[in-house]
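J.: Chain by chain, the residues run as shown.
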Amino acid sequence: MSAKSSIASSAFSRRGFLGFAAAAASAPLLAACGGGSASQGGGGGASGTVKFWDMPWATPAYNDAAKGIAEGFSGAGGSKATYQTIQWNNFYQTFSSAIASKTGPAVSTGGGFQAFQFEQQGQIAYADKAIEKLKASGQFNDFLPGVLDPFKSDKGYVAVPWQLDMRVFWYRKSLFEKANVALPTDWPSLLEAGKALKKVGAFGFTTGAGAGNNYANHSMIMMMVNNGGGVFNKDGELDLLNDRNVEAMEFVLELVSNGIVDPAAVSYTTDNMSAQWKDGKAGFGLFQVNVPERVGDTSGDLLVADPLTGPHGDKATIVFPNNIMMYTNTPSQDASEEFLVYYLGQLKQLWQKKLMSALPVFKSITQLPEFASDPNNVKIVKDWQPIAKTFASQGNSLNANLAALDGGQALNQFSQTIITGKSDAKTALQAFQSGLESVLKK
Amino acid sequence: MALTETQSGLSRARRGVAPGGPGTAPVKRRSKLSAQTSRTFFWLLLPSVVLLVLIHGYPLIHAAVQATHDGNLLQTGNFVGGENFSTVLTSPAFWKAAQFTLWFTIVGVFGSWLVGLGLALLLRTKIPAGGTFKVLLLLPWVVPIVVSSTAWNWLVATPDSLIPSLFRNLGLGTPLFLADPTLASITVMVFKVWVSFPFMMMMISAALASVDSTVYEAASMDGATRWQQFSQITLPLIARSTYISWILMTIFCVNDFPTIYLLTGGGPVSATTSLVVLAYRTVFQDFATGPGVAIAFLMTMTLVVISVILYRQIRKSSVE
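Chain order of the listed sequences is U and R.
1 is the number of the first residue of the first sequence in this note's numbering; add one for each residue after it.
443 is the number of the first residue of the second sequence in this note's numbering; add one for each residue after it.
Just to be clear, a hint being listed does not mean it is correct.
To be clear about the criterion: a stretch of chain U counts as covered by chain R if any three or more of its residues have a C-beta under 8 Å from a C-beta of chain R, and this derived list gives those stretches [to be verified]:
id, stretch
1, 84-95
2, 186-196
3, 265-276
4, 350-356
Partial chain U-side listing against chain R, Cβ under 8 Å, derived [stated by the list, open to error]:
id, residue
5, A98
6, Q121
7, L347
8, A403
Worth flagging that the hints you see were computed from the coordinates, not collected in a lab.
Please read all numbers here as calculations on a predicted model, not as lab measurements.
For every residue, glycine included, the Cβ atom is placed at its ideal position computed from N, Cα and C.
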């Protein structure tokens, strides 16, 4: 059968085919142009549906619970909310392309510094009115001290914090007993404990810098701020080569050279690290909140350690104040604010159901029996939260530049260089400084 | 007789002689289409052309704009000309990544080709449970890369993983396959060969299937050795298929993001950072859209040049 006869015998006419093809060709255009759907719009009526995007902050059960909360919203003007989970992979691209095509969310959680990145591009709706509503309802006074301040810019509140992703030192009690060594309280005792743990086949500074694993990055910055240093000075300027940072990195290199850091840690994913904690290879190290739940250890043997005192008497750790932000693309700014206030008011459910791997930002949640019954949580709130600093180090305010630091190539390369012991501290810090200078906005 | 006619017809066709024997009028290579036919062709082609322009053209143009501006994913920013390209080309990280990409591609293309060729030749022979064997050989290509990279991570990542433990038990030390820069590079390349050889095997098997076995019988009767048969018959006869597979595998290797990113994330200390990983990290981790897209542009141009060179080899290797 010839091609011609094949076409001729087809029930699908040429005109029909052309019409179909034209429709197919125009579909991407229509999709691109039609971003402002009825439900989302570019600033429509007050009773629109608030599109809420949330990240997978914990297990899938978390997202199910958060969805339930979001969809339970019913605004005064009849507004509702929809819930969508956004995966971490390429999340910035996902948000950017959606915002560019006006199909993005009205309210979202996101990366720690995402609100500042989009604020720089004029896409963020300031939360001052929502803060006023929180003040009116009394919820404003429920915030833990200092958690709201980093979000205040010259133009207003860029976002509102909802959880604190804290980094604290954890230890396995039985390994310390086996090694017959006391818990470290400062850097010299950390070194001694590490040497003792090594003798029983465990590591005293557990970390990892493999694919998608930021814990080594966080460990490096934590050790700097624990020594009174940090990436930025009080004026927000890059200040990596200060003496405190050099001293901190020389100490980490000493840990590396003594085998206290696992030589394979540079390639460890977070799953590899969790396995180390579970298998009793990790004796001491920086990790997030809820490590026992994360690694599936119910023995009660994994405990939060005391904050270490640096050589100059400093005590500090790092924290990522994760936040909820509002966007200028909303069916109703009033509805967005109403939803934000509503959602913050319902957060306690997530901790009551023990779905969170982070600290709450509200005092009332820290007092919930479901939270306060865990001595690790109590210790973190009591001993670690007051000394926690953001990536802004010595400065107080967050900004878009911190996103380039957090998970950027420069920090990752620096961390890997240090934990493999491939360089001296000053050279590594110099390379880190140069790498950051090339990507930070002037 | 029929074969002679066919050959004669083919020969005439190649010379542009019409069927019907000598003396008949030569075929017009470019006959003028009727206006009606031209219009029909135009309208039939139009949707495809529109789709191609939308799908291929628009992103390329948009990328070209981004590569010459200092903006971000949301805003184009100011025109900076070739500044992003000069930034990239003067960066040691770019050249280190280019060097790794080169080695990754060479090992990926020729490693997978050699393994694929060997197995394709093996599969021509009658082996017990050959069908099952073929299916098993296809598994690395079939299994999603996320799954296979996770499996490889499980096999090599920690000192207690299976393969390092095996080395230790054999008294060969405890190699840190992903933590040592050199070993990590080798591991990623071996992983790439493992993932890719089934594709090569299928391409070569298809080419070998079209080779008439009588050619080998004739060569054997003429006293050709096994090696001579392989080098003088098999390789030339599968040359076109080989060049095509090399083009495709070169593109696959240069553009391969998941194999590297999932296994090592480009580390340790950027030892396994290829150009595509560098471009990704530049755009999405450093948020430097212009330089990141400039890297992608340079990769595209390089691939076009390589593809053109190999495509010319295909034309040269035409075997009649």
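J.: Look at each hint and say if it fits the structure.
T.: Consistency of the hints with the structure:
Counting residues of the stretch 84-95 of chain U whose C-beta sits closer than 8 Å to any C-beta of chain R gives 3, which meets the bar of three, so the coverage hint holds. Judged by the Cβ-Cβ criterion of 8 Å, the stretch 186-196 of chain U is not covered by chain R as claimed, because only 0 of its residues qualify and three are needed. Here's how the stretch 265-276 of chain U fares: 8 of its residues keep a CB closer than 8 Å to some CB of chain R, so the rule of at least three is met and the hint holds. Residues of the stretch 350-356 of chain U lying with their CB closer than 8 Å to a CB of chain R number 0, which falls below the three-residue condition for coverage.
Below 8 Å, beta-carbon pairs count as interface contacts, and A98 of chain U has none with chain R, the closest being about 10 Å; its hint is therefore violated. A cut of 8 Å between beta carbons decides the hint on Q121 of chain U: the least distance to chain R is about 5 Å, and the hint holds. For L347 of chain U, the interface hint is violated, the least distance from its beta-carbon to any beta-carbon of chain R being 29 Å, above 8 Å. With a least beta-carbon distance of about 7 Å to chain R, the hint placing A403 of chain U at the interface is held under the 8 Å criterion.
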